[in-house]
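Peer 1: Spelled out from the first residue to the last, the chains are:
Protein chains: 4
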Amino acid sequence: MGEVFSDAARLQHMLEFEAALARAGARCGVIPPAAAQAIASKCKVDLVDAKALATATAVSLNPAIPLVKQLTALVANDDPEAARFVHWGATSQDVNDTGLVLQIRQALDILEADLAALCGGLNQLAQTHRSTLMAGRTLMQHALPTTFGVKVAGWLDAMNRHRERFTETRARVLVLQFGGAVGTLAALREKGLQVAEALAAELHLGLPFVPWHTQRDRVAEAATTLGLCTGTLGKIARDISLHMQTEIAEVFEPAGEGRGGSSTMPHKRNPVSAAIVLSAATRVPGLVSTMLSAMVQEDERGLGDWHAEWETLPEIFRLTAGALHQMATIVPHLEVDAARMKRNLDATQGLIFAEAVTMALGSQIGKAAAHTLVEGASRLARESGKHLREVLAQDRAVAERLTSTELDRLFAPENYLGVAEELVDRVIDASRKHG
Amino acid sequence: MGEVFSDAARLQHMLEFEAALARAGARCGVIPPAAAQAIASKCKVDLVDAKALATATAVSLNPAIPLVKQLTALVANDDPEAARFVHWGATSQDVNDTGLVLQIRQALDILEADLAALCGGLNQLAQTHRSTLMAGRTLMQHALPTTFGVKVAGWLDAMNRHRERFTETRARVLVLQFGGAVGTLAALREKGLQVAEALAAELHLGLPFVPWHTQRDRVAEAATTLGLCTGTLGKIARDISLHMQTEIAEVFEPAGEGRGGSSTMPHKRNPVSAAIVLSAATRVPGLVSTMLSAMVQEDERGLGDWHAEWETLPEIFRLTAGALHQMATIVPHLEVDAARMKRNLDATQGLIFAEAVTMALGSQIGKAAAHTLVEGASRLARESGKHLREVLAQDRAVAERLTSTELDRLFAPENYLGVAEELVDRVIDASRKHG
Amino acid sequence: MGEVFSDAARLQHMLEFEAALARAGARCGVIPPAAAQAIASKCKVDLVDAKALATATAVSLNPAIPLVKQLTALVANDDPEAARFVHWGATSQDVNDTGLVLQIRQALDILEADLAALCGGLNQLAQTHRSTLMAGRTLMQHALPTTFGVKVAGWLDAMNRHRERFTETRARVLVLQFGGAVGTLAALREKGLQVAEALAAELHLGLPFVPWHTQRDRVAEAATTLGLCTGTLGKIARDISLHMQTEIAEVFEPAGEGRGGSSTMPHKRNPVSAAIVLSAATRVPGLVSTMLSAMVQEDERGLGDWHAEWETLPEIFRLTAGALHQMATIVPHLEVDAARMKRNLDATQGLIFAEAVTMALGSQIGKAAAHTLVEGASRLARESGKHLREVLAQDRAVAERLTSTELDRLFAPENYLGVAEELVDRVIDASRKHG
Amino acid sequence: MGEVFSDAARLQHMLEFEAALARAGARCGVIPPAAAQAIASKCKVDLVDAKALATATAVSLNPAIPLVKQLTALVANDDPEAARFVHWGATSQDVNDTGLVLQIRQALDILEADLAALCGGLNQLAQTHRSTLMAGRTLMQHALPTTFGVKVAGWLDAMNRHRERFTETRARVLVLQFGGAVGTLAALREKGLQVAEALAAELHLGLPFVPWHTQRDRVAEAATTLGLCTGTLGKIARDISLHMQTEIAEVFEPAGEGRGGSSTMPHKRNPVSAAIVLSAATRVPGLVSTMLSAMVQEDERGLGDWHAEWETLPEIFRLTAGALHQMATIVPHLEVDAARMKRNLDATQGLIFAEAVTMALGSQIGKAAAHTLVEGASRLARESGKHLREVLAQDRAVAERLTSTELDRLFAPENYLGVAEELVDRVIDASRKHG
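Residue numbers (this note's numbering), protein chains in the order written: chain W, 757 to 1191; chain A, 757 to 1191; chain F, 757 to 1191; chain D, 757 to 1191.
Hints are computed from structural coordinates only; laboratory data are not their basis. C-beta: ideal position from N, C-alpha, C; glycine also. Honestly, I wouldn't trust all of these hints.
[To be verified] Far from chain A, by Cβ distances over 10 angstroms, these chain W residues were calculated: (1) Asp834; (2) Arg886; (3) Trp968; (4) Thr970; (5) Asp973; (6) Glu977; (7) Thr1038; (8) Thr1085; (9) Pro1088; (10) Lys1142; (11) Leu1158; (12) Thr1161.
[Claimed, not checked] Distance condition first, Cα-Cα at most 30 angstroms in a straight line; then the derived DSS-like pairs of lysine-lysine: (13) D:Lys800 - W:Lys807; (14) F:Lys807 - A:Lys807; (15) D:Lys1189 - W:Lys807; (16) W:Lys1189 - A:Lys800; (17) A:Lys800 - W:Lys947; (18) F:Lys947 - D:Lys807; (19) A:Lys1142 - A:Lys1189; (20) F:Lys807 - W:Lys1098; (21) F:Lys947 - W:Lys1098; (22) A:Lys947 - W:Lys1189; (23) W:Lys800 - D:Lys807; (24) D:Lys1189 - A:Lys1098; (25) D:Lys1098 - A:Lys1142; (26) F:Lys1189 - D:Lys1098; (27) D:Lys1098 - F:Lys1098; (28) W:Lys947 - A:Lys1098; (29) A:Lys807 - F:Lys1098; (30) D:Lys800 - F:Lys947; (31) F:Lys1189 - D:Lys947; (32) W:Lys1142 - F:Lys807; (33) W:Lys1098 - A:Lys1098; (34) F:Lys807 - A:Lys800.
[To be verified] Far from chain F by the CB rule (all over 10 angstroms, computed), these chain W residues: (35) Cys784; (36) Lys947; (37) Ala956; (38) Glu1003; (39) Gly1042; (40) Ala1103.
All chains, full assembly: derive it from the sequences and hints.
Peer 2: See the structure below:
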């Protein structure tokens, strides 16, 4: 992703716009075909003096201005006549915006491939652990038994929604920006729309109803869509890092040469991928807020807002792509310790089965009464260090209503999973449509 | 919108969930029909002791817990047997989340109505001013002539995209949350999905593939969709406020009793609606970033993240709704001073026509040479205080190429509008599909 | 804190400004003493029609305007002559800003009291657990032994810095704003500064060099200072919540009636205070960014930026105050399970002592060689399930260099605490100066 | 500033830490003096294989780990014995943090120099325009006359406060971080504090009471202090850009080769420095929120939060430094058109003097009555296109109370400036203490 948003790639996409503009102009009879060919032949990033360009950009605040100057000079060297038609009808911002759209297209291709890979990995993981028992935790405390499969299915289900969002965003953002200085295409007179149409076709981009340069919702939406995706990635990474804690030890990132070592503690095995993802999830929200703030642009070109986007959106792409790639890489190789998951279910001396008992008693004595009874027994278990099953077995009110066999059944986690397995199946079924 | 997110409305929606849950439970044979009826009859916000609830919520951090307690007591008063089945199979978070979804549905209805009204107003405005000349401005400087119509068409086009986004978001966010304590519906055993389906039908909500409580992308997307919309509203408000400046005086918010007055300056007429909208556009980005940050929720229920959403999302709805309503209200009544717009075109002694001249000369001597020539003439005009047309007329290189009539034509703004009018028509045409 | 920023308190502070202004005006001979008395006697929030005011504010966007109108009418009822001098020389924004400063003063008093209480609690806790052994954790993995005291000392040390910051911020923010419509005090002619001085004295506020209304760094600094403090509170809460996890169980929030219960799981004991604090730490950063964004205010009064602050700053105060109060309340009553802390040190079969062994060997064979050796032994221990001490004892290279007694000494956590206890003492000593 | 935060500078500062650590260790008898010398001689960034380092960092997520490895190898080449003592007693995070502190020190030096230069420029500007009349504007509308001097004095006053804040922040952030793996300095046993003290002295940094690695308030404060400063810079840039608008044309950024040109409009003169500053003011708030969010770090080293700071803080420094430098550069060369400022005061046909008239009448008929009277006359003036002075002269109620001479006096802006000039003097006086 770094490459998609490198300076070179940016310039190449801008030159691609200039080449396509020349060809479109020629097709519409606005510039001579020979000029178009002469121009297109110089639209190569290798011909650009990148250093001179960077210096000039710092003064003009707009890379398109010195780029067009360099391109014009390059063309003029060989064909002074053709040089007159470089950038014909466009404004610098058309180059910047459409160049950005082309970068976004390439970036979305990469992101969607990793997203598909991640979903494949999660799908497999959910199937493998469809019935793997583990403690469900709420507010960082054991709550009820669940399965690792249902947890992974939740991750996958969210990722499937992100795939939908990417598709929808793509349709709105992958369009041409071409309006001339103030969006009227005045320099092309009555041929403006014709050239615009040809240009969009050249670049395989949609043709918008009206130039959109100061309507930044298209690019800002790219930022919010990525922001939402990174949020979910952060949630998955948080879960993994919690399960990987020394005392919990249920799920581990794959180990690897140099991965997660420490300069002083040779035994350390750190969740480095989770760290990368969580770092991205910490950074992206502030960057998205910048993109939204920058939408308030003045008139036909804003002052400073557009520049605020300039480094922010690529940063969001880089962070999201990095996080997504890490997750797609580790998910197929996560080490899951199902035995430890099961052992951890015992950490509360049976308290994790409190709800199961409450429901069983509740159907006989009412939920509120059952809740009170089990709450008391739980307190006693905690204070005395006894197992909840033992405390309950000694309680007369319970003994009258539940046999020892019934109690055994209630304290077996596999008997209190509700529809966990069906939920996993539902998500896996639904994933099929994403291929 | 304040009402949709009032405490009372929130509780009413939560009680709606409890009533529907009871009916669904009865329909699936999980609780007795009589109990369902008894419960549903008490699901009225007027019966709740709001003060006691607020106190208890501050301790439990979860309004659903004391609400269910109060409801149980209310039912028990009349029918102790039915009271046993209150909240059967649900967890507090199911009530909170589905209650929130119901609020969001109501809020989206209001927003979409105002959005439609705003688009109607913009449509009319664009048509009226399809050919109204004004200065196009870039970086807060005059650039080229444009029309007010094309500016408004740009606003409208963005708003049409927001309507699309609202529709897409609606489909993902308006779904049931029902999972029990850890998302397995364990308390309902094998009947979980059946009850879930019935409950979704009762509430006219979609049934998700898997409970989604800690997958917050659905609600976070509501926030980002609103954030994008508020960004565009801010852009429109910024434009209006710039045009309303004392020295520019082209567009005015409608005047009204008490609107925009000053305690000390009786002559002031302030852009108060623009202020409200810009205030929202300043606040929403930070709030959206909070929603994205809060997506990183632990395991089956997060610690603090969910609480961070609790007041943030309603605030985003309130601000967006307020901004949207202001804009929908003023747009049909904007005062547009077309004469002043035209007069302001003269503010630069003809410099605004520099590009037109450059293009005309460029087709004869090449764009770069023309640019240099006109740049020099512009400098001379600025320094001497003469009109650019006059400076050019006295330039030999120009006189050889452009006749006086041609110069006249170049300095008439209506001759340098490109496809402005067609662009307005395109957007108006496209708006038809939104009705 | 809710009360400091209630509508009533806000109005009361604004009226306090009006009363002081009248008195100052009289003192400087600008208005008649009798008028001052008549005005001051009506500056009581109980006399205000709050509902009418709210309605009018929604239109004027500025509560000071209708408030001054109501006050004038109230005074006029009794003394029409005096009514002429209400708000003499001020602009509505002077009332809003100085009223806000008075609220901030009251809010800082409350915050600083809770901050002192929290520091007291942390001080005590650090002393009690100066030598309580526990696992130091990095990247959520066991690293080396440490003491709970040194961890708490780190919390306390940060809190002491926040006390310094509050003091510094106080000096800059607690100043009068009084400038008239554009900051020149024109309405008071040559008496402007004299009245300003008298007014500052009346309100016990500093007199700034120049009115500062659109220079928002003073109020924005209040936001950043609170933001920094909330960040540290969030760090403490995160630590507590991690230690309170079911499998770790080292530190617990105090239990209490209704605290941390669950509607379905009677055994749950949730870290509710940590949840409140973490929620605040999730929300405040976005709100601070809004305050910083809102600093870019136009000319002598901004459009919308100031309104963006209006609800944001109080929200930051409320959240910080809530978080601080929770923390100050629970810290003196935290339940610390020192035995469990010690037991958890064993969770890694001795790997936590790897660095100690590395350092001991390193002084003989060099750090790099020792690191490699111990890394290998750690891997073997992990894979074989043996204790690291045992693996090392069987290693020839180790046996040649470390006796069994030396190994015993290396595997006793109390022997590898470095200067932990001195660090605790240093922080406690340094805390003395804060009283 | 780019150079201070370049990869090379970062590494050099980290190596400076390693060299100082070796010297401090030798001074305290912890490592042999010869080893210290051998190590220090290799602590040069030119000796580092930057490419290998970058690759290794991507895996370990921590540049200090591969850097120490490389340094050890470099030392070992010449002196295998000395190589054993590289990084003795430190952890990778000590290197990262203290290296960062050294960068911050250098960055603050640069920022403070530019801040001093800017204040010098503003001081001069305020003096020059102490009495230059211009329209004061509120809510982007003319309000009352003011002077350009008083506006600049407001900018300067805020900048002086930022200088104070920099000084205070410096004291808290420029301290050593040195704690070993979990902050106990265990690897140095009882010598930990002695080495820490020597190390702080070597680096001319303060010695904190306790290692602070996961207490990020120190570095986050650097971010908030810069954020506040950038907010003020944004306010100044906004003002300049508003005054530079085509129709207002009061203040101009200095023109320069390549500055503010356009690729298509040869006449454009854009506020490019304002654009850079406003871009920074749009970006920094979101980045500051990231720094605050990242404060919630787990235990003795956080997971991902610290990494989130890694690029964010340098970005804040770069943006603030860029904005500050732009402003310091243009302020001494701003072109101020005092004649145009005066002419613009006439833009409202005298309405800008409405308050002056109101106050004059108010002292005779009461403020409310005067307000109503002048409000009516203002409306009439606006509607009829007449000058307010003329409308008032024709009003009987006015004619009875104000003579023609008095009216003339009221409509002269220099007579309604209040204490504007004294305010300028106060700020200039106060600036003296900053030198």
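Peer 1: Each hint needs a verdict: does it hold in this structure or not?
Peer 2: Structure-based check of each hint:
With a closest Cβ-Cβ approach of about 15 angstroms to chain A, Asp834 of chain W is found to remain outside the 10 angstroms limit, as its non-interface label requires. With a least beta-carbon separation of about 12 angstroms from chain A, Arg886 of chain W lies farther than 10 angstroms from that chain, consistent with its non-interface assignment. With a least CB separation of 7 angstroms from chain A, Trp968 of chain W falls inside the 10 angstroms interface cut-off, contrary to its annotation. The claim that Thr970 of chain W is not at the interface with chain A is violated, since a C-beta of that chain comes within 10 angstroms of its own (minimum 7 angstroms).
Separation of Asp973 of chain W from chain A is inadequate, the least Cβ-Cβ distance of about 5 angstroms not exceeding the 10 angstroms criterion. At roughly 6 angstroms, the least C-beta separation between Glu977 of chain W and chain A is not larger than 10 angstroms, which violates its mark as non-interface. A Cβ of chain A approaches the Cβ of Thr1038 of chain W within 10 angstroms, the least distance being about 8 angstroms, so the stated non-interface status is violated. The Cβ of Thr1085 of chain W sits about 20 angstroms from the closest Cβ of chain A, beyond the 10 angstroms cut-off, so the non-interface label holds.
At roughly 21 angstroms, the least C-beta separation between Pro1088 of chain W and chain A is larger than 10 angstroms, which holds for a residue marked as non-interface. Annotated as non-interface, Lys1142 of chain W keeps its C-beta farther than 10 angstroms from every C-beta of chain A; the closest such distance is 23 angstroms. In this structure Leu1158 of chain W is separated from chain A by more than 10 angstroms, as the shortest Cβ-Cβ distance comes to about 16 angstroms. Separation of Thr1161 of chain W from chain A is adequate, the least Cβ-Cβ distance of about 17 angstroms exceeding the 10 angstroms criterion.
A distance of roughly 28 angstroms separates the Cα atoms of Lys800 of chain D and Lys807 of chain W; the hinted pair therefore holds under the 30 angstroms criterion. In summary, the hint linking Lys807 of chain F to Lys807 of chain A is supported, as the alpha carbons are separated by about 22 angstroms, within the 30 angstroms threshold. Simply put, Lys1189 of chain D and Lys807 of chain W have alpha-carbon atoms about 44 angstroms apart, too far for the 30 angstroms limit, and the pair is violated. Annotation: proposed proximity of Lys1189 of chain W to Lys800 of chain A is violated, straight-line Cα distance about 42 angstroms (limit 30 angstroms).
This hinted pair does not check out: Lys800 of chain A and Lys947 of chain W have alpha carbons roughly 65 angstroms apart, beyond 30 angstroms. Restraint check for Lys947 of chain F and Lys807 of chain D: the C-alpha separation of about 69 angstroms exceeds 30 angstroms, so the hint is violated. A threshold of 30 angstroms between alpha carbons decides the hint, and for Lys1142 of chain A with Lys1189 of chain A the separation of about 50 angstroms lies outside it, so the pair is violated. The straight-line distance between the Cα atoms of Lys807 of chain F and Lys1098 of chain W is roughly 61 angstroms, outside the 30 angstroms bound, and the hint therefore fails.
Restraint check: the Cα-Cα separation between Lys947 of chain F and Lys1098 of chain W comes to about 81 angstroms, which exceeds 30 angstroms; the hinted pair is violated. Between the alpha carbons of Lys947 of chain A and Lys1189 of chain W the distance comes to roughly 27 angstroms, so the proposed pair stays at or under 30 angstroms and holds. A hinted pair counts as satisfied when its Cα atoms are at most 30 angstroms apart, and Lys800 of chain W with Lys807 of chain D qualifies at roughly 28 angstroms. Using a Cα cut-off of 30 angstroms, the hinted pair Lys1189 of chain D and Lys1098 of chain A is violated, with the two alpha carbons roughly 52 angstroms apart.
Proximity of Lys1098 of chain D to Lys1142 of chain A is assessed by CA-CA distance (about 22 angstroms); at most 30 angstroms being required, the pair is judged to hold. A hinted pair counts as satisfied when its Cα atoms are at most 30 angstroms apart, and Lys1189 of chain F with Lys1098 of chain D does not qualify at roughly 57 angstroms. Taking the CA atoms of Lys1098 of chain D and Lys1098 of chain F, the gap is about 78 angstroms. The hint is violated against a cut of 30 angstroms. As the CA atoms of Lys947 of chain W and Lys1098 of chain A are separated by approximately 25 angstroms, the hinted pair is consistent with the 30 angstroms bound.
Between Lys807 of chain A and Lys1098 of chain F the alpha-carbon distance is near 45 angstroms, which puts this suggested pair outside the 30 angstroms criterion. For the given pair, Lys800 of chain D sits about 65 angstroms from Lys947 of chain F by alpha-carbon distance, which is inconsistent with the 30 angstroms threshold. Annotation: proposed proximity of Lys1189 of chain F to Lys947 of chain D holds, straight-line Cα distance about 27 angstroms (limit 30 angstroms). A hinted pair counts as satisfied when its Cα atoms are at most 30 angstroms apart, and Lys1142 of chain W with Lys807 of chain F does not qualify at roughly 60 angstroms.
Proposed proximity of Lys1098 of chain W and Lys1098 of chain A is contradicted: the alpha carbons are some 78 angstroms apart, above 30 angstroms. In summary, the hint linking Lys807 of chain F to Lys800 of chain A is supported, as the alpha carbons are separated by about 28 angstroms, within the 30 angstroms threshold. Residue-level check passed: Cys784 of chain W sits 43 angstroms from the nearest beta carbon of chain F, beyond 10 angstroms. Distance to chain F confirms Lys947 of chain W as a non-interface residue, since its nearest Cβ pair spans about 40 angstroms, more than 10 angstroms.
Here Ala956 of chain W stays apart from chain F, with its beta-carbon at least about 36 angstroms from theirs, past the 10 angstroms limit. Non-interface call for Glu1003 of chain W relative to chain F: violated, since the shortest CB-CB distance, roughly 4 angstroms, does not exceed 10 angstroms. Distance check for Gly1042 of chain W against chain F: the nearest CB is about 7 angstroms away, which does not clear 10 angstroms, and the non-interface claim fails. Not every CB of chain F is more than 10 angstroms from the CB of Ala1103 of chain W (nearest about 5 angstroms), against its label as outside the interface.
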